[in-house]
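A.B. asks: These protein sequences, in sequence, are chains A and B.
Oh and the first sequence: position 235 is 236 in the numbering used here, straight run, nothing missing.
Oh and the second sequence: position 9 is 26 in the numbering used here, straight run, nothing missing.
Rather than coming from a laboratory, the hints here were simulated on the basis of the structure.
Here the structure is a predicted model, which is why all the values come from computation and not from measurement.
Just to be clear, a hint being listed does not mean it is correct.
To be verified - Footprint (simulated), chain B over chain A, 3 or more residues, beta carbon under 8 Å:
1) 93-101
2) 354-365
3) 381-389
Stated by the list, open to error - When the alpha-carbon atoms are kept at most 27 Å apart in a straight line, the in silico BS3-like pairs for lysine-lysine are as follows:
4) A/K398 <-> B/K186
5) A/K3 <-> B/K371
6) B/K21 <-> A/K298
7) A/K17 <-> B/K255
8) B/K364 <-> A/K397
9) A/K398 <-> B/K38
10) A/K286 <-> A/K298
11) B/K86 <-> A/K157
12) B/K255 <-> A/K235
13) B/K371 <-> A/K201
14) A/K298 <-> B/K86
15) A/K393 <-> B/K255
16) A/K368 <-> B/K21
17) A/K284 <-> A/K235
18) B/K86 <-> B/K38
19) A/K397 <-> B/K361
20) A/K235 <-> A/K393
21) A/K16 <-> B/K364
22) A/K201 <-> A/K298
Virtual Cβ for every residue (Gly too), placed ideally from N, Cα, C.
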Amino acid sequence: MKTFPIGGIHPSDEKKWSKGSAVETMPLPDTVTIPLSQHIGAPAVAKVAKGDKVLTGQLIAEAASFMSANIHSPISGTVKSVDMLPNAQGLRQMMITIVREGDEWVEGIDRSTELVRECDLTPAEIIERIKNAGIVGMGGATFPTHVKLSVPAGKKAECLIINGVECEPYLTSDYRTMLEFGERLVVGTTILKRALGVEKAFIGVENNKPDAVAHLRELVASMGAEGVTVVPLKVRYPQGGEKQLIAAVTGRQVPPPPALPIDVGAVVCNASTTVAVYDAVQKNKPLIERVVTVTGKQVASPKNLLARMGTPISSLVAFAGGLPEGDVKVLNGGPMMGRAMVNPDAPVTKGCSGITVISGAEAHRVKESACIKCAKCVSACPMGLEPYFLSKLSRKKAWDVVEAHNVTDCIECGSCQYTCPAGLPLLDYIRLGKQTVMGIIRARAAKK
Amino acid sequence: MANKFFVSPSPHIHGAQSTQKIMADVIIALLPAFCVSVAVYGWGVLALMAISIASCVLFEYLIQKFFIKGECTVGNLSAVVTGLLLAFNLPLGIKWWIVVIGAFVAIAIAKMTFGGLGKNPFNPALVGRVFLLVAYPAQMTSFPAPTVEGFVDAYSGATPLAAAKAAAKKFAEHASEVADKAADAASGATAATAEAVKDFDYASVDFTGMLTGAMSGSVGEIATLALLLGFVYLLWQKVITWHIPVAVLGTMGVFAFVVALCKGGDASLLWSFPLFHLLAGGAVLGAVYMATDYSTSPMTVRGMVIYGIGIGVITMCIRLWGAYPEGMSFAILIMNSVVPLLNKYVKPKRFGVK
């Protein structure tokens, strides 16, 4: 079975809690808060002001530049404020607050469930629709999709890879999406293929989801999607990392930064994003809702919820039975790369694939002791780095050495820290080193 | 939501490994060899281990408490492993105070002076052992012969390596004597060679005995099969990878094979000579349990292989042409000193670079 070339770990996948729950639609929230920055790049510019009436699907904030994304109202109602509000990490961020009045959609959005297969738009038209719909990578990275699809001059896309790996433990939103919205996914894949002008598309799925692999294979065959191959991949974290997935599927390794996947001819798009692409291109529906897994060992009824953007995360957690007693860590995302939340009332955003509740002793970090030079972090690193060394030298602020040892290659997957028997916070310091070195590199470039 | 929210950067889950668990796994892996040792040598082995472990743990505890003044680290079991390995490298019947001195050198000098676990450049148990070998050569090389009933004979048996070395020396002396005689008198020399002293007969060595513990040696090195069983356990538990042990033993095997080829003579030597060297003199104990010591071995796979090859070559050179019959301890310590260099120059393969 295919997999990526170096490193990796095998954490328990913990999918069992929520994998059996079919996607349920969340009741509409009474109030939504919509951050203007839900993507990588410049924050969107608000197009509405306090007191404005908005409809569901209406553009409320516009992409500020090419590297930015549109934002649409997920409900209909009145704009209550456009103000700085705390996000999930407690940091204040510009957000539009809308109080709901009914659910009235703007005209031109096809809300029927009928599958529209045909698409004879030109690549430029497809990319334009994706851009208008404000689609960004929904696996967590939130990179604007239209930017990814706009292949720079001189580069050539050779294959499209749909990322259905979902290697993060616990999360099942992509899995449920593949099982339940498989048709839309397959059509979305052919649309993306068309947009890129490539012959081949691969749907990479980790092999702990054999039913999803079988289902998608059946659909690809029955729907006659040409050039689309479903590729089962070995269960190994971080299989779903962009560079790891490309290497697993094509055997090509993306060179170190600043090289991009397109340099090896690959464009990767997350499975849920692909479904959103279908909705945008075929149904003219902007990205205003997404599937969010709410899960955890002690969550009463783990669920996969179809929620409108801006819905308070606390209401999703309450819908799944609430938080367990005692110490908890509530994560926006999965346990390997998710971010711990301080503000449970923060909204669902485009990159929020799941809410993982870690409870009890697991909510605490393990005790730190001396490095025993076991080299487990070195063998676990999927980028071929030396985590123990980078961490130690970042701690000592030896930025030049850290840079020389390729700290900017780090994808922050956390495999090193997961595997460390001494319980060292390796990634904390590597991240610090990476951020500092990237700052130094930017400053150096600015000077020139 | 009245819960207490915990916040930290990712990752938010941790694997099952801990220093203590790794050390416990090493102890478990050493248990089969320990049992064989007790069966062969009797309960004296237990006393030897107890003294060694107790002194190692005590020295670490005292130094940590009164000199380093840090948190008590005895709980991570690393001192227990050092004590156990030191005892494995000692002959039964050695005076108890010599063991305590060895433990002191291992823990106080080789480990704690550098700051404790993970910071020592040389394998503590081996430093202790080599110190004793130099300081108390007679006591360190008088091995009781194995007795199946668990009764220790007063007779001192030679280890297979020592026997081979002595035989080889005798053979070489005799050969030169014959040559001298042949030079003196042009005739009659052929008659003398008829009753020539034979070189050590490797093919007729009791290899089954060497696998199961029926040979003379340090208490832990004799039961090769039991040590290999522990190796399998360590691999299964992912405590170590195969690279260092295989590189060490593979190099020794190939080296011995080439030497056997150069020697010419009986074809049986081609298999018996390498096999003899792999089973004798704690080769497996050294390759699997001593050379793989985390803090004194390289961090990258390629580094590990280079390090293993180095140990194999040096061991064989000492065994064949050095003054000592056994070379594993020295070879590991010599290669320990190369580890910082290997860590500096042998880097892992960077993703995306050909």
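A.B. asks: Need the list of violated hint numbers for this structure, in ascending order.
C.D. replies: 1, 4, 9, 10, 11, 14, 17, 20, 21, 22
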